[in-house]
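**Student:** Residue numbers (this note's numbering), protein chains in the order written: chain W, 219 to 346; chain G, 219 to 346; chain E, 219 to 346; chain Y, 219 to 346; chain V, 219 to 346; chain S, 219 to 346; chain Z, 219 to 346; chain B, 219 to 346; chain L, 219 to 346; chain U, 219 to 346.
Be a bit skeptical, because a hint or two may be false.
[As the list claims (entries may be wrong)] In silico DSS-like cross-links for lysine-lysine, where the CA-CA straight-line distance does not exceed 27 Å:
| id | chain 1 | residue 1 | chain 2 | residue 2 |
| --- | --- | --- | --- | --- |
| 1 | B | K280 | U | K254 |
| 2 | E | K280 | V | K254 |
| 3 | S | K254 | S | K280 |
[To be verified] Pair by pair, the computed Cβ-Cβ distance ranges are:
| id | chain 1 | residue 1 | chain 2 | residue 2 | range |
| --- | --- | --- | --- | --- | --- |
| 4 | E | P336 | L | H289 | 35 to 41 Å |
| 5 | U | T223 | L | T229 | 28 to 34 Å |
| 6 | Y | H289 | B | C252 | 54 to 60 Å |
| 7 | B | C252 | Z | D334 | 31 to 37 Å |
| 8 | Z | E275 | G | Q257 | 43 to 49 Å |
| 9 | S | I226 | V | K254 | 16 to 22 Å |
| 10 | B | T229 | Z | P235 | 25 to 31 Å |
| 11 | B | C252 | Y | D302 | 53 to 59 Å |
Since the hints were made in silico from the structure, they are not lab data.
Note that the Cβ used here is the ideal one computed from N, Cα and C, for glycine as well.
Take a look at the letters that make up each chain.
10 protein chains.
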Amino acid sequence: MTEPTGDILETFENPYPGRDYVIETVCPEFTSMCPKTGQPDFGTLTISYIADATCYELKSLKLYLQQFRNHGAFYEAVTNRILDDLVAATLPRWMAIVGEFTPRGGISTTVTAEYDEPVSAGDPTASE
Amino acid sequence: MTEPTGDILETFENPYPGRDYVIETVCPEFTSMCPKTGQPDFGTLTISYIADATCYELKSLKLYLQQFRNHGAFYEAVTNRILDDLVAATLPRWMAIVGEFTPRGGISTTVTAEYDEPVSAGDPTASE
Amino acid sequence: MTEPTGDILETFENPYPGRDYVIETVCPEFTSMCPKTGQPDFGTLTISYIADATCYELKSLKLYLQQFRNHGAFYEAVTNRILDDLVAATLPRWMAIVGEFTPRGGISTTVTAEYDEPVSAGDPTASE
Amino acid sequence: MTEPTGDILETFENPYPGRDYVIETVCPEFTSMCPKTGQPDFGTLTISYIADATCYELKSLKLYLQQFRNHGAFYEAVTNRILDDLVAATLPRWMAIVGEFTPRGGISTTVTAEYDEPVSAGDPTASE
Amino acid sequence: MTEPTGDILETFENPYPGRDYVIETVCPEFTSMCPKTGQPDFGTLTISYIADATCYELKSLKLYLQQFRNHGAFYEAVTNRILDDLVAATLPRWMAIVGEFTPRGGISTTVTAEYDEPVSAGDPTASE
Amino acid sequence: MTEPTGDILETFENPYPGRDYVIETVCPEFTSMCPKTGQPDFGTLTISYIADATCYELKSLKLYLQQFRNHGAFYEAVTNRILDDLVAATLPRWMAIVGEFTPRGGISTTVTAEYDEPVSAGDPTASE
Amino acid sequence: MTEPTGDILETFENPYPGRDYVIETVCPEFTSMCPKTGQPDFGTLTISYIADATCYELKSLKLYLQQFRNHGAFYEAVTNRILDDLVAATLPRWMAIVGEFTPRGGISTTVTAEYDEPVSAGDPTASE
Amino acid sequence: MTEPTGDILETFENPYPGRDYVIETVCPEFTSMCPKTGQPDFGTLTISYIADATCYELKSLKLYLQQFRNHGAFYEAVTNRILDDLVAATLPRWMAIVGEFTPRGGISTTVTAEYDEPVSAGDPTASE
Amino acid sequence: MTEPTGDILETFENPYPGRDYVIETVCPEFTSMCPKTGQPDFGTLTISYIADATCYELKSLKLYLQQFRNHGAFYEAVTNRILDDLVAATLPRWMAIVGEFTPRGGISTTVTAEYDEPVSAGDPTASE
Amino acid sequence: MTEPTGDILETFENPYPGRDYVIETVCPEFTSMCPKTGQPDFGTLTISYIADATCYELKSLKLYLQQFRNHGAFYEAVTNRILDDLVAATLPRWMAIVGEFTPRGGISTTVTAEYDEPVSAGDPTASE
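Make the full structure from the sequences, and use the hints.
**Tutor:** Structure representation (structure tokens):
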């Protein structure tokens, strides 16, 4: 099976680039394969971002995430990697991703990663 | 069908303009049409604001929102546009809108936009 | 029917005036009349305060609120007015009131108002 | 606007006609218009049935229900009418529909109607 | 204050008299006065019925129930009395009412009463 | 401390003796003492009954139950005993009591006891 | 991809064949492919059964269900087919399966199928 | 480690043997070892019974269940075995046990077993 | 009845005094008597603290709180007084208590009080 | 029984060391023994951390925690000790642990401890 790629992500022009507003997308049907055991993993991804010039298109996001269906991926790596792919595709002002994975062996894991625009003076999270 | 317009919004005089207090209105019956698929979308709008001189009247808000029933609108654009219309009609000290839309293709979206009075020294959110 | 009055409120001496502690009172059985439609409105009032010298007595609070049962009152006005009456009766260091009203026409409203002691150097919310 | 019609419903062959099994479909995005007030109504329809030779196809069910979007309909009538249309299209062994409508004036309504195959000796509900 | 009366109830023709279907109406904003203490009582009434020739109209039901707002009534009596009034107005095949009242002195009460059409051979509850 | 007694229970005339209707009383503030450990026990009592000629008065029920506050009582015995006392005081057509007690040592207990009128031909539970 | 097969199911000897007891297995991580759209479907399968001589082994059940991960299957067919495979593998006295699938286009579907041992005089559901 | 034994169970005289009443005991802290993997299992046991002459004492029940802490036991066998031990110790008129075990490999299991007094004419479940 | 006293509280040495960590104790079974009505009050106390040299022992805390069972105490006074007693017994770096009392006359009350070590430079709440 | 040891913990290389992201692990199946009563304790541990060079491996974490199964440990000590062991094994930038233990004698306890990298200029919690 081919490696997942962010090239599949499509974007559209942010309709309100003059305002820092938050778009949150909840994807409860994420599934990938554990590289160690070969067993499927399941999780809910919550992606939040403040778009700059472009937003991701939801159908392409769905197809992008479906690439992981038969792809081996550890929780920590896949959450960060999806963040990197989405940042590369949309160049947002800010983005965060929370990956909540279902229990294995009585233990469940959540990975939370965040991206801040490197040199933005108007970073909306700076004043918190 | 005609374009929705904020002209339909009626206001009344803020009964306590001397105090910065918050009015929150929850509208769980918002529906519009997806411009791409022609299918209806459904969502809950939560509008919060600190009125200055005027408050919006609830029945006119309901009629204003019903204009979108057969109107094509993307999530990101319609949430920001309703914020703009309500700000224009009430000139509030502060206003925020959260649009939570129901799942499509296993993915659900929430858009959150906020307006701050441009030059208000007494901005209630500045000290947070 | 006579106009509601805060004169009905009784107070008792704050047993711990040396400490800024919070008393929260939840009143889920508030009801008044809509002045526009003549229909009854229903809501839950949550009153929180830091007493200075006096606390309000709960039974008198109940009787005070029952005065609104057949009294016409808009959401925004009645929430602020009850805050004013309770502040006048107890002269607290800080007080807040949240009025959550049940849906009308598919729309529900919550009004939140707050009072800070005007010149208190020891205002407990100043350092937040 | 044209009258809704069950002709839009498509069916497919029941894959397991030899077994009495139950298919339940929940449609939380039903909306129609109140013929009296001209205001939109909202509700959740739950349709359960035991298919005989045919099952309804889900996409055509969605399009069938969307016909009511701008159609005037009272709760009691529309729930029974949808039951009639679905029975006519699928000729099931048993079917039930529950329509739960959102509150109006502080009152909410649920309508539950049921269809039993007229002369079936093997009616699965007869022995309850 | 005048005594509540069922004369205020309006009915409309049952649109599907040929089918025994259930209409459930939930009224969470019922309030009356305790005849003993003079204090207001609050409760949720849930009315279910199988109409024969007529259904009650919802707005008139609301006005009928509002008559109890300043009327003294014990839980047991008022629940049965409302059942009697609604039966008299609609002559249903079957009707039930559940009155759930809020706690007093740490104790809450629910009263459930049911009416069956006296001589109906087709009584839908007989076969349970 | 004196032994609890059902003599404290007051009754009033059933306002609708011609109908078998159910009165349910939930008492979440029941407390007694464990005879073995001397520690307090806590529970919620739910009493349901179909009155014959008399109903118990709620304030006297509260005072009756408060007699157990400093009284030693095992879960099984106290639940059955309260049922006996209430049956003796009201002579109901049917009565049931559910006592749900809070966890001790990681184990929680619920006791459910029921009383049926001995020779009643019209016993409402007989046809179930 | 190869067709899923029940041959993968392993069984073990029922440790208490002399008693009709129920084993319920909840599998919230079922996923298959929609044959029509090629999109993944997700659901929770709840399997209940009364074993006769053999029980299914849980790890083999998991592997059996994973065969559907990249297999096209309609809701109605796949639920019945899994029932057939599990009945064939374990020859139970009684078995039922509930397949609850996540929403598509705002509509969600649950399929419930049941198997009764054909000629068992001791059928545990016969007396209900 | 020694084999668990029901000999540890202590009983006391049923205080109300003349009435068929139900005692339910919920034990959310049951743990044993999986004989196959050597890993600990966790579950909630809910035991319900109608006592005849004797009831089990709760502290001895807790100690009895703790014997399984380091004991290998499959779900199906251990649930039935505990039922047998409790029946042997208390000789009840009726007893049922529900063992709900936490998920393993994304699958969770519940085992429900029931005991009926063999020749009792007054079996409380016979009339259901 | 004797006056409750903090002398009953036992402490043990903080096992990790080098770290500011929080211990939270939830006591849902607090009960005292209303001095005005003589009726029992019920509440849940949540105590949180950062121990310095000593921690309170849980069994002695339970016995300390049981002293209030038959003791008259107003909500505001008893919550602050328990805070004072626990501070005196453990000399913590920080302590807070939340007393949530059950509804009376449809109104419920929560009292929240906090203690900060007077001259501690390392006060963990100072930097918030 | 041997003393639990952190030596059993295995780690793997942090796949994204350049980003401060949070990994949260929830372990609802923690159990140890009370050193005072010899009775088992049960709790849920929630561990959150920002890894530096290494992450802990989940299966080794499970085995590490299982060492406490038959080990005597007080709530306050065991929570802090596990934090120390995990910090020693992974040398994180930040770590926190919340231990929520089930009720004993009607009282439940939660212990929350946190570790900050001693001299890190880039401490992610410093800017809060």
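**Student:** Against the structure, test the hints numbered earlier, and report the numbers of the ones violated in rising order.
**Tutor:** none
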